[in-house]
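Taken in sequence, the protein lines are chains A and B. Going by the working numbering, the first residue of the first sequence is number 1, and it counts up by one from there. Going by the working numbering, the first residue of the second sequence is number 1, and it counts up by one from there.
Certain hints may be false.
Unchecked claim - Quick list of in silico lysine-lysine cross-link-like pairs, DSBU-like style, CA-CA up to 30 Å: (1) B:Lys310 to A:Lys260; (2) B:Lys134 to A:Lys106; (3) B:Lys384 to B:Lys337; (4) B:Lys98 to A:Lys454; (5) A:Lys189 to B:Lys343; (6) A:Lys337 to B:Lys104; (7) A:Lys251 to B:Lys106; (8) B:Lys104 to A:Lys251; (9) A:Lys260 to A:Lys235; (10) B:Lys80 to B:Lys214; (11) B:Lys458 to A:Lys256; (12) B:Lys223 to A:Lys106; (13) A:Lys87 to B:Lys98; (14) B:Lys181 to B:Lys214; (15) A:Lys343 to B:Lys260; (16) A:Lys57 to B:Lys320; (17) A:Lys349 to B:Lys106; (18) A:Lys14 to B:Lys193; (19) A:Lys57 to B:Lys315; (20) B:Lys54 to A:Lys337; (21) B:Lys193 to B:Lys413; (22) B:Lys87 to A:Lys98; (23) B:Lys80 to B:Lys189; (24) A:Lys57 to B:Lys345; (25) A:Lys260 to B:Lys181; (26) A:Lys193 to B:Lys454; (27) A:Lys87 to B:Lys114; (28) A:Lys134 to B:Lys343; (29) A:Lys413 to A:Lys429; (30) B:Lys181 to A:Lys343.
These are calculated hints, taken from the structure and not from any lab test. Nothing here was measured: the structure is a model prediction, and the numbers come from that model.
2 protein chains.
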Amino acid sequence: MAKKITPRKEDYSKWYNEIVVQANLAENSAVRGCMVIKPYGYAIWERMQNELDKMFKETGHENAYFPLFVPKSLFEAEEKNAEGFAKECAIVTHYRLKNDSMNKGKLTLDPSAKLEEELIVRPTSEAVIWNTYKSWIQSYRDLPILINQWANVVRWEMRTRLFLRTAEFLWQEGHTAHATKEEALEEAKLMNKIYANFVENFMAIPVIQGIKSKSERFAGAEKTFCIEALMQDGKALQAGTSHFLGQNFAKAFDVKFASKNGGLEHVWATSWGVSTRLIGALIMTHSDDNGLVLPPNLAPYQVVIVPIYKGEKQKEDVFKVAERIKRKLISNDIRVKFDDRDKFKPGFKFNEYELKGVPLRISVGPKDIENGKVEVARRDDFSKSLVNQSQLINYIENQLINIQKVLFDRAKKFQKENTTRVDNFDDFKDVLNKKGGFVLAHWDGAEVTENAIKNETKATIRCIPYSKKEETGRCVYSGNPSKGRVFFAKAY
Amino acid sequence: MAKKITPRKEDYSKWYNEIVVQANLAENSAVRGCMVIKPYGYAIWERMQNELDKMFKETGHENAYFPLFVPKSLFEAEEKNAEGFAKECAIVTHYRLKNDSMNKGKLTLDPSAKLEEELIVRPTSEAVIWNTYKSWIQSYRDLPILINQWANVVRWEMRTRLFLRTAEFLWQEGHTAHATKEEALEEAKLMNKIYANFVENFMAIPVIQGIKSKSERFAGAEKTFCIEALMQDGKALQAGTSHFLGQNFAKAFDVKFASKNGGLEHVWATSWGVSTRLIGALIMTHSDDNGLVLPPNLAPYQVVIVPIYKGEKQKEDVFKVAERIKRKLISNDIRVKFDDRDKFKPGFKFNEYELKGVPLRISVGPKDIENGKVEVARRDDFSKSLVNQSQLINYIENQLINIQKVLFDRAKKFQKENTTRVDNFDDFKDVLNKKGGFVLAHWDGAEVTENAIKNETKATIRCIPYSKKEETGRCVYSGNPSKGRVFFAKAY
Chain A
1 MAKKITPRKE
11 DYSKWYNEIV
21 VQANLAENSA
31 VRGCMVIKPY
41 GYAIWERMQN
51 ELDKMFKETG
61 HENAYFPLFV
71 PKSLFEAEEK
81 NAEGFAKECA
91 IVTHYRLKND
101 SMNKGKLTLD
111 PSAKLEEELI
121 VRPTSEAVIW
131 NTYKSWIQSY
141 RDLPILINQW
151 ANVVRWEMRT
161 RLFLRTAEFL
171 WQEGHTAHAT
181 KEEALEEAKL
191 MNKIYANFVE
201 NFMAIPVIQG
211 IKSKSERFAG
221 AEKTFCIEAL
231 MQDGKALQAG
241 TSHFLGQNFA
251 KAFDVKFASK
261 NGGLEHVWAT
271 SWGVSTRLIG
281 ALIMTHSDDN
291 GLVLPPNLAP
301 YQVVIVPIYK
311 GEKQKEDVFK
321 VAERIKRKLI
331 SNDIRVKFDD
341 RDKFKPGFKF
351 NEYELKGVPL
361 RISVGPKDIE
371 NGKVEVARRD
381 DFSKSLVNQS
391 QLINYIENQL
401 INIQKVLFDR
411 AKKFQKENTT
421 RVDNFDDFKD
431 VLNKKGGFVL
441 AHWDGAEVTE
451 NAIKNETKAT
461 IRCIPYSKKE
471 ETGRCVYSGN
481 PSKGRVFFAK
491 AY
Chain B
1 MAKKITPRKE
11 DYSKWYNEIV
21 VQANLAENSA
31 VRGCMVIKPY
41 GYAIWERMQN
51 ELDKMFKETG
61 HENAYFPLFV
71 PKSLFEAEEK
81 NAEGFAKECA
91 IVTHYRLKND
101 SMNKGKLTLD
111 PSAKLEEELI
121 VRPTSEAVIW
131 NTYKSWIQSY
141 RDLPILINQW
151 ANVVRWEMRT
161 RLFLRTAEFL
171 WQEGHTAHAT
181 KEEALEEAKL
191 MNKIYANFVE
201 NFMAIPVIQG
211 IKSKSERFAG
221 AEKTFCIEAL
231 MQDGKALQAG
241 TSHFLGQNFA
251 KAFDVKFASK
261 NGGLEHVWAT
271 SWGVSTRLIG
281 ALIMTHSDDN
291 GLVLPPNLAP
301 YQVVIVPIYK
311 GEKQKEDVFK
321 VAERIKRKLI
331 SNDIRVKFDD
341 RDKFKPGFKF
351 NEYELKGVPL
361 RISVGPKDIE
371 NGKVEVARRD
381 DFSKSLVNQS
391 QLINYIENQL
401 INIQKVLFDR
411 AKKFQKENTT
421 RVDNFDDFKD
431 VLNKKGGFVL
441 AHWDGAEVTE
451 NAIKNETKAT
461 IRCIPYSKKE
471 ETGRCVYSGN
481 PSKGRVFFAK
491 AY
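Here chain A stands alone, though its shape is the one from the complex (with noise of 0.2 Å):
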């Protein structure tokens, strides 16, 4: 706890990976690329849970579960997808261990207990959904079907980084099907407008809306919307994608419905997700040298309140007031932590939850109470102010939603004076490389510009915005005619 972090611009993904340890949101375990989510990291994600099943039932989905292996004939069904995951999955062969008998004590796999199927460990669950649906969808009246789920899923992963990059994660899926291809497209916006409400409202994260180019989309999505988030190191981060599908996995599944005017059409369908690679953009958006910053929204508690005392008499009356305050604080809402730990000192505690990003930290100390004040400190600008115990609510209440504010304006600026406009190749390599950031130029909309730049440059395209103005230009790579610009970066 009272190590130093490495400053980030001395060494950016060590800063990174210290303040996921020394925060305890999560670490290293002994699987091969899969972490342990610690019970403060926990937190944030039972937050962003919360707030996103809320935002999904209020739009009319429902959860269920699915289940977590993937018969190989079903993984193989729709070719895209297959293809795009079977690279990197975990494969179950067997369903039994025995004895081993040249080691005592040890197990090894019984080969009579081979399965004549394989079963993948999803990476996604399309093709377990849709073989569902397939006898869940014979008439127009089953229509819509709108389903989340909340799972883990695998991913086999060479290089791996705590909350980014994972060979096992968290995540919400949403498996949508529709009578019409206009209806799961809007499905689609609508999920990815969601995404956007959430990560910016909640998180407190700008980020850009559009849509991904083709060789950038999901395998097996004719088209994905996406938002990008911007990272303090100059990289993006896609921050969640909702995907429409088409028909490919009602036809890969032959999922068919009765139409209203009585003809058998295949399914039309959405899915979309959002994972806990979105504290790893939490992280690296608002924290600082010092530690984690949490947005209030996001915080699992808002206000830590850390008694100050020297021996049985003060601590009694420092607690009597301590305990009010938390109280008052509760029945108006607001999440509170009041740390009555005897074996820390104060000093240990202010370091505590300024490294795990707590919002406000209110110190109650005897000279406090003679005053009928108490201090409070903000984490994201560690300024310090003496209030009143009878105005603290209501002082505290707004400092909340300003820290909420302040936080987002920061990171807005911040993306606005990294997101450079470029109009030739030179310039174009000469930002990526010294400053970083978004990119904004002109494409001609060809796979093979796009896959020579990505060559080149390790930038890729991150979004063809919503945004996007119809101004003609040159290709900033090909020369070739182009409509508009669209955001290049570096990413994670």
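On the provided structure of chain A, position chain B as indicated by the hints.
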């Protein structure tokens, strides 16, 4: 929906399956032994999660998340636990598929992507968690650790039944670490009490509380506390267990702490869990030949409003009243659904909600509006009342409380009537075969006796009750001295 359910007397097991499927709770999937939990079934699970989670947090527990996979070497570390689960686990051996050169469009295991060490899909998480706790615990200051996890687990059962026994199921698993034996024992007992409280007061299922005999204990536990429920067919169902693990896992994973007086000691452990199996218990405790019956505290919606009308004018009037009632119920924290679907007739809806066990149904028709009344029907006893709209909220609130109580009392009465004291082995067998239920009999405490009884009758010791009176007697099987009666039963 229109299909009749097979009566319990005709085929109990068929009745159970039909309720699960027709009430839209769950269904079998394409993956052997794995189920799809449908939205209505999942909504019940969410209600259970919410309530349990609150109880866990109120008693100081936090949630976290640990990896899905257990490396084989960790799995082996605690011998009894490994032995207990080795015969029924899913094993990941490869991390990549490749194109099958013999079969175009098909995929096959890539032999070059064989794992050096196999991974077991967690059947339970003691191993992976205690391997993690090792680095979290140095001193008594780090204790206790009170962590819970909501997760999926896999046990490769050969004979599966929806909710009751599935290869994959959802559960929560608590894993706590303590400085003393006494504290760990207290924790295990506390969780046993919380489970009993939840199952009795929330699910309206009466249980017997006590401990398991040695042979019925969790693999790796020193003492297993349990709650046992009795189903309508006279079979028992283990509804929740909490284990005092002693120092077994601390020793297997070398987890020691510096005690207050300077020594180095092994840590004491507990684990405890309930699963989606409880939904099976719920169905088999309360439901009848007309479908599911839900206790109000657990029902996803406690009240459904069905409008009755012909033509647009009536619809408008009826909807206005129905919407007003809905708003009033919501503002009184009553979970309500207004079924405004046009494409289904009232009779169809009545049938659907009967099948789905919604505790109260309000129907609103033109005549009711004239009289200022609505009809309220109870699911549990099918009684109907005309209630003044002005008194509706009060009436509904009282009915919900009453239904909760009636369901518990009915189940308690059944449990009592189906608990039989016997004093010789002929009566023991006779009761088991003809009447079923719990058999309360003297047992000499020997495992060999327990096994002999099991072999002859299929009955096991479900529970050595807390409430056991010090009543000396003779073992019903061996004739050896016994200090008290225990609960025997055939079980799920």
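Tested hints:
1. In summary, the hint linking Lys310 (chain B) to Lys260 (chain A) is supported, as the alpha carbons are separated by about 23 Å, within the 30 Å threshold.
2. For the hint linking Lys134 (chain B) to Lys106 (chain A), the alpha-carbon distance of about 22 Å falls within 30 Å, and the restraint holds.
3. The hinted pair formed by Lys384 (chain B) and Lys337 (chain B) meets the criterion: a straight-line CA distance of about 19 Å does not exceed 30 Å.
4. The hinted pair formed by Lys98 (chain B) and Lys454 (chain A) meets the criterion: a straight-line CA distance of about 26 Å does not exceed 30 Å.
5. Using a Cα cut-off of 30 Å, the hinted pair Lys189 (chain A) and Lys343 (chain B) holds, with the two alpha carbons roughly 28 Å apart.
6. Among the hinted pairs, Lys337 (chain A) with Lys104 (chain B) is inconsistent with the structure: their alpha-carbon atoms are about 60 Å apart, more than 30 Å.
7. Taking the CA atoms of Lys251 (chain A) and Lys106 (chain B), the gap is about 17 Å. The hint holds against a cut of 30 Å.
8. A distance of roughly 19 Å separates the Cα atoms of Lys104 (chain B) and Lys251 (chain A); the hinted pair therefore holds under the 30 Å criterion.
9. Taking the CA atoms of Lys260 (chain A) and Lys235 (chain A), the gap is about 49 Å. The hint is violated against a cut of 30 Å.
10. About 13 Å separates the Cα atoms of Lys80 (chain B) and Lys214 (chain B), which keeps this hinted pair within 30 Å; it holds.
11. Taken as a hint, the Lys458 (chain B) and Lys256 (chain A) pair is broken in the structure, with Cα atoms around 48 Å apart against an allowance of 30 Å.
12. For the suggested pair Lys223 (chain B) and Lys106 (chain A), the alpha carbons sit about 26 Å apart, so the restraint of at most 30 Å is met.
13. This hinted pair checks out: Lys87 (chain A) and Lys98 (chain B) have alpha carbons roughly 7 Å apart, not beyond 30 Å.
14. Taking the CA atoms of Lys181 (chain B) and Lys214 (chain B), the gap is near 19 Å; set against the 30 Å cutoff, the hint holds.
15. With a CA separation close to 12 Å, the supplied pair Lys343 (chain A) and Lys260 (chain B) stays within the 30 Å bound.
16. Distance check on the hinted pair: Lys57 (chain A) and Lys320 (chain B) sit about 24 Å apart at the alpha-carbon level, within 30 Å; holds.
17. Between Lys349 (chain A) and Lys106 (chain B) the alpha-carbon distance is near 58 Å, which puts this suggested pair outside the 30 Å criterion.
18. With a C-alpha separation of about 46 Å, the suggested pairing of Lys14 (chain A) with Lys193 (chain B) is violated against the 30 Å cut-off.
19. Using a Cα cut-off of 30 Å, the hinted pair Lys57 (chain A) and Lys315 (chain B) holds, with the two alpha carbons roughly 26 Å apart.
20. Taken as a hint, the Lys54 (chain B) and Lys337 (chain A) pair is honoured in the structure, with Cα atoms around 17 Å apart against an allowance of 30 Å.
21. For the hint linking Lys193 (chain B) to Lys413 (chain B), the alpha-carbon distance of about 21 Å falls within 30 Å, and the restraint holds.
22. Distance restraint check for Lys87 (chain B) and Lys98 (chain A): the Cα-Cα separation of roughly 7 Å lies within the 30 Å cut-off, and the hinted pair is therefore satisfied.
23. Distance check on the hinted pair: Lys80 (chain B) and Lys189 (chain B) sit about 22 Å apart at the alpha-carbon level, within 30 Å; holds.
24. Restraint check for Lys57 (chain A) and Lys345 (chain B): the C-alpha separation of about 26 Å stays at or below 30 Å, so the hint holds.
25. With a C-alpha separation of about 68 Å, the suggested pair Lys260 (chain A) and Lys181 (chain B) falls outside the 30 Å cut-off, and the hint is violated.
26. Straight-line distance between C-alpha atoms of Lys193 (chain A) and Lys454 (chain B) comes to about 60 Å, which puts the hinted pair past the 30 Å bound.
27. Of the supplied pair hints, the one linking Lys87 (chain A) and Lys114 (chain B) holds, its CA atoms being roughly 13 Å apart against a limit of 30 Å.
28. Our distance criterion of 30 Å between C-alpha atoms is met by Lys134 (chain A) and Lys343 (chain B), whose separation comes to about 22 Å.
29. Between Lys413 (chain A) and Lys429 (chain A) the alpha-carbon distance is near 23 Å, which keeps this suggested pair within the 30 Å criterion.
30. The hinted pair formed by Lys181 (chain B) and Lys343 (chain A) meets the criterion: a straight-line CA distance of about 23 Å does not exceed 30 Å.
When each numbered hint is compared with the structure, violations occur for hints 6, 9, 11, 17, 18, 25, 26.
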